[in-house]
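Protein chains in written order, with numbering that gives the first Met the number 0: chain E, 0 to 292; chain Y, 0 to 251.
To be clear, the hints were calculated from the coordinates, so they are not data collected in a lab. Fair warning: this is a prediction, and the values are worked out from it, not measured in the lab. Please note that the accuracy of each hint is not assured.
[Said to hold, decoys possible] Pair ranges (Cβ atoms, derived):
#, chain 1, residue 1, chain 2, residue 2, range
1, E, A92, Y, T231, 55 to 61 Å
2, Y, E201, E, T50, 56 to 62 Å
3, E, L63, Y, P118, 22 to 28 Å
4, Y, R20, E, P239, 52 to 58 Å
5, Y, E133, E, T50, 50 to 56 Å
All C-beta atoms in this analysis are idealised placements derived from N, C-alpha and C, irrespective of residue type, glycine included.
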Amino acid sequence: MGFLSYLINGISLGSVYAIIALGYTMVYGIAKMLNFAHGDVIMIGAYVVLTAITGGINPLVAVLISMVVCTVLGMTIEKVAYKPLRNAASPLAVLITAIGISYLLQNIALIVFGAAPKSFPDFIKVPALKLAGGELVISGVAMVTIGACVVIVVALTFFVNRTKQGRAMKAVSEDKGAAQLMGINVNATISLTFAIGSALAAIAGVLLCAAYPSVTPYTGAMPGIKAFTAAVFGGIGSIPGAMIGGILLGVIEIFGKAYISSQVADAIVFSVLIIVLLVKPTGLFGKNIQEKV
Amino acid sequence: MKMLEVKNLCISFGGLHAVDRFDLSIDKGQLYGLIGPNGAGKTTVFNLLTGVYKPDEGIVKLEGKDITGLKTTEINKAGVARTFQNIRLFKEMTVLDNVKAALHRSYRYQTLTGILRLPAYYKQEKAMDEKALELLEVFDLAGESEVLAGNMPYGKQRKLEIVRALATNPKLLLLDEPAAGMNPQETGELMETIRFVRDNFEVTILLIEHDMKLVSGICEELTVLNFGEELTHGKTTEVLNNPEVIKAYLGE
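Okay, chain E solo, but in the shape it has when bound (with noise of 0.2 Å):
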């Protein structure tokens, strides 16, 4: 029953990965850029879900303000730091700055939360299913998680192709100039793809620290990482990637840490993203991209 077991949770860790992969490779797919403070938004809605818990709210009401608390910051990270440099003459320089965004946030928290780890209330009060007379146990954070990364990418594949604003996504995503003389806003639809991929940044802030519970300013940052690695692993730009990418790796990590090593267990995920970047370089679900000349 271990191994099942290990596999369940691998699973589960590797749904709030496809969560934050989804973001990544959202962005990357429309705006054409790597969003390094991705994962510094998931610790923001982490720590945003807390404080309201911690004030009495009602958890659903929290994980709904912390959605819309980080929708705003990444719609706004994305109009004052990225918006202005998307022009600019190297691609560098929006993705340095992103890298400035992501300290930015976290020294943010440090400064109004401080470095000592706070804990995470419980408060999914699913039960728990036990199984084959109670030696497989699923706990309900693990059922909760896997079920909202399968409703969030059913949802998001629905939404990129068939609404008008997923069909604008796909427009500005494979030519942004035509797109605009089509008549289609360009910069309304790269700010609405922000505010998805930080609504489910939120989400997933929710998923990670009621698994693991506890927030320091400094939660978001691997996750974020391994959860890009997840997003390139599956293909960059595609949705059902990030989700295989997601889960895939999370069930590698936890493997790795169950019969390997808990030492080496990240060592073991970034390997299995040089070897298969080595074998299929765009990844499992990548479009082969044909530079122009």
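Could you slot chain Y onto chain E? The hints should help.
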């Protein structure tokens, strides 16, 4: 009132006067041609008219309304749509979605309405589907509405670009070398299509073209551009027989 009136349009890149003191005046419903040797600045004029470039000087008026310096999206909203010299369809989207993307501005519902699939979402999407299919039907492309645009044959891609531009409901349609890469038969069909569009969609058409058969076949008036400046303008036959024009094309 003139459909399009351009006065003293100028833009330079570095020291190069790409377009210099350019004037243009097009009547409503006209089929107007902009011709000139390679590098004369024709596409730059299109980019100035659609707001891709901001002119250094000059005024662009659409039906008397000043649209100089507006953003591309606003210019499109004012009623200018275009196609591209090198086809720029959304190649990884279906034919139908290409047209629906261009209907984006005309049909409205909130993002949340779409996420939650409220009744307004279904209503608007259905209306968009109907409108897009109706347009595709007119151009005999409805049968391929679910094909990826990038997988269509070349001639049909050109046609689809025109349909997509028409979907934004323009008053003025700019066609950038619509016959480029077409064989004589395809060009013949294209001429029919362009005339059909002008007559049935109440649009004024300004086109850039090198194919003299197409130009002399359908354009009522021409402006000739050479080194960023106007060489001459007037009725098509007169312009094409002007020795200056022949010299600009063929050299001394």
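Lying within 52 to 58 Å: is that true of the beta-carbon distance Y:R20 to E:P239?
holds (55 Å)
For E:L63 and Y:P118, compare the CB-CB distance with the range 22 to 28 Å and indicate the outcome.
holds (24 Å)
Taking 56 to 62 Å as the stated bounds, is the beta-carbon spacing between Y:E201 and E:T50 within them?
holds (59 Å)
Assuming the hint says 55 to 61 Å, is it satisfied by the Cβ distance from E:A92 to Y:T231 or not?
violated (46 Å)
Holds or violated: 50 to 56 Å for the Cβ distance of Y:E133 and E:T50?
holds (54 Å)
The earlier numbered hint that this structure contradicts is number 1, and it is the only one.
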